[in-house]
Amino acid sequence: MAAITPSEPVSTSTQEIHTKKMWKTLVGHVPISSPFYQFHPVTRLYLFVFLGVVPLFIFVPEINFLLVLVSMALMLWGRADLRGLRIYAPMVVTVAIFMFTVVILAPGKDPTYTPLHMSLITIYYQPVFFTFAAYWRLMAMLSGTILYFSTNRERDMLVALRAVRLPFVASYVIGLSIRAAGMFMEDFRTIREAEQARGLDTKAMRISDQVKLYVMYLVPLFSIALRRAEEISNALFARGYTVTGRVKGGGQRRDYIRSLYAIRTRDVIAIVILISLFVGAGISNLFFNVFVITDSPLNIYLRGVLNIP
Amino acid sequence: MSEVVVIQDLEWKYSNTKEFALRGVSLEIEENSFVGVVGANEQGKTTLISCINGLIPHSHHGVYRGSVQVFGKEVREQDALELATNVGMVFADPESQFTAMTVEEELAFGMENMGFDLSKIREQLDWVSDITMIGDLLDKSPYDISGGQKQRVAIASVLAMNPPIIIMDEPTSMIDPLGKQFIFNILRRLKEAREHTLIVVEHNIEQLASLSDQMLLIHEGKVARMAPPAEFFDDPAYLVERGIVAPEVTEFAYRLRELGQFSADIHLPLDLDNGIEITKSVLDRQHS
Chain Y
1 MAAITPSEPV
11 STSTQEIHTK
21 KMWKTLVGHV
31 PISSPFYQFH
41 PVTRLYLFVF
51 LGVVPLFIFV
61 PEINFLLVLV
71 SMALMLWGRA
81 DLRGLRIYAP
91 MVVTVAIFMF
101 TVVILAPGKD
111 PTYTPLHMSL
121 ITIYYQPVFF
131 TFAAYWRLMA
141 MLSGTILYFS
151 TNRERDMLVA
161 LRAVRLPFVA
171 SYVIGLSIRA
181 AGMFMEDFRT
191 IREAEQARGL
201 DTKAMRISDQ
211 VKLYVMYLVP
221 LFSIALRRAE
231 EISNALFARG
241 YTVTGRVKGG
251 GQRRDYIRSL
261 YAIRTRDVIA
271 IVILISLFVG
281 AGISNLFFNV
291 FVITDSPLNI
301 YLRGVLNIP
Chain V
1 MSEVVVIQDL
11 EWKYSNTKEF
21 ALRGVSLEIE
31 ENSFVGVVGA
41 NEQGKTTLIS
51 CINGLIPHSH
61 HGVYRGSVQV
71 FGKEVREQDA
81 LELATNVGMV
91 FADPESQFTA
101 MTVEEELAFG
111 MENMGFDLSK
121 IREQLDWVSD
131 ITMIGDLLDK
141 SPYDISGGQK
151 QRVAIASVLA
161 MNPPIIIMDE
171 PTSMIDPLGK
181 QFIFNILRRL
191 KEAREHTLIV
201 VEHNIEQLAS
211 LSDQMLLIHE
221 GKVARMAPPA
231 EFFDDPAYLV
241 ERGIVAPEVT
251 EFAYRLRELG
261 QFSADIHLPL
271 DLDNGIEITK
281 SVLDRQHS
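First to last, the sequence lines map onto chains Y and V.
Taking my numbering, the leading residue of the first sequence gets 1, the next gets one more, and so forth.
Taking my numbering, the leading residue of the second sequence gets 1, the next gets one more, and so forth.
Bear in mind the hints are in silico, worked out from the structure with no lab data behind them.
It is possible that some hints are incorrect.
[What the hints assert, rightly or not] Chain Y stretches covered by chain V per the calculated footprint, using a threshold of three residues with CB under 8 Å from any CB of chain V:
id : stretch
1  : 70-83
2  : 150-156
3  : 211-225
4  : 251-261
The beta-carbon is built from N, C-alpha and C at its ideal position, and this holds for glycine as well.
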């Protein structure tokens, strides 16, 4: 299957850039060539909303686990950089440790909870399984988000937002915010490297000193951020930008980048399917009590094994 | 030729400083001319060009006296859109002026503000990509290219809007020698086309002198000298006192003239070719 189709923006640089594998974005990398690019950015946005919000209607951990697998499979299909997922591993583990530690040490008081006596401690089945379900809900949402940012450039995101009729000024502010976040991280790295170059070894520092150091970073970072804000403001002024979006001659503002993308039949079909699934999941959960924790096969099995009514 | 910029008795003081940054500046800039602006640091060069493109007084607070007219209309009375239509500005730090996610968007942004239709945007995009040689960068992030490329993108984004006046504030200050040469080549092409009034603040005196129709020296917030390059550099000692060093070839000829080796009526050379020519003619005369 050809990865590049006419729905993808065509520019003079496309051929040259395709000799490389990844595009750098302010928040990571995206593949230069991907089957995802056959779809309009707005379709990809709908997929993101679907994968990111549908877990809120689903409290069956198995289904959320399946959604994680779906996201991973889509990443693989979309030629996303799966090696990049390693950076999320500490977060995934830390969140699990945090959630389960809290629920084991402070399960709450409820006479209906079923105690399970382990060798040294007693845990309660219901809050632990509830946490297990919540954890997989969180993972499903996270993997949907990672999929989106691994297969969409900032420009795609802005085109998608404008395609759903978000006012230009709002999409522009979002774009600048994404940019600011990237530059904030860049500045932070520069300050850290400058300190290391002058012999600061943070690993040898006590935790309390490290915390103080991080607080001290805020001063230069915010002063740089303020200066950049002024520079961007000047740049916008110099290029005739007005908050109202008014353009010279009073006509309608043209959106050149959006004009490079076209919504095709496949986009319409994909959007209809995604919206149907989304609405179906929402209605099933809200009105018919489907996808609740008691529907979980694992929950049913464990309750049977542990004789929990 | 008509004057596109007329400044009269301009004084400006930033609200957070005690001294006036500009003190009674008066000057006129002709249409489609190339004005090279020089001066030591903190003498008022950037402040002056900010007054022409309207950042002062629109985006800065302070005391403003006098008059700055662009195309016969007071800058104070023009809004951002009108000013951007008339005056384009390339900042010293190209990255500080980027607001988009790809080079292509960066170029299109100003044109969208100008109300260009899509076919015009496409046409301008092709033209600026060609003139600034950035055709292979359009799909890239403007933060992910080299310093020289960033500056070319910054120039292209202003050029694409096609303002009749283009101001550049030290466009080569943050780039390597090859990148500088690229920028000066672009400036040369623009000058030869004679379709824009170019006001360029630059420390590379030699390159600037060879391009400028008028050289402007700003010293302590005042116009210390404004003249065609040959006249401007005729007294290098005066310039040195104000923190400016003339091109080496000019200095060389000036010293020989002071020593009586060159006649007092020669025009000091501004570039190497001119210097060789003058020196050769003097030597030929002596031999004959």
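Enumerated hints in conflict with the structure, sorted upward: When the structure is compared with the hints, numbers 1, 3 turn out to be violated.
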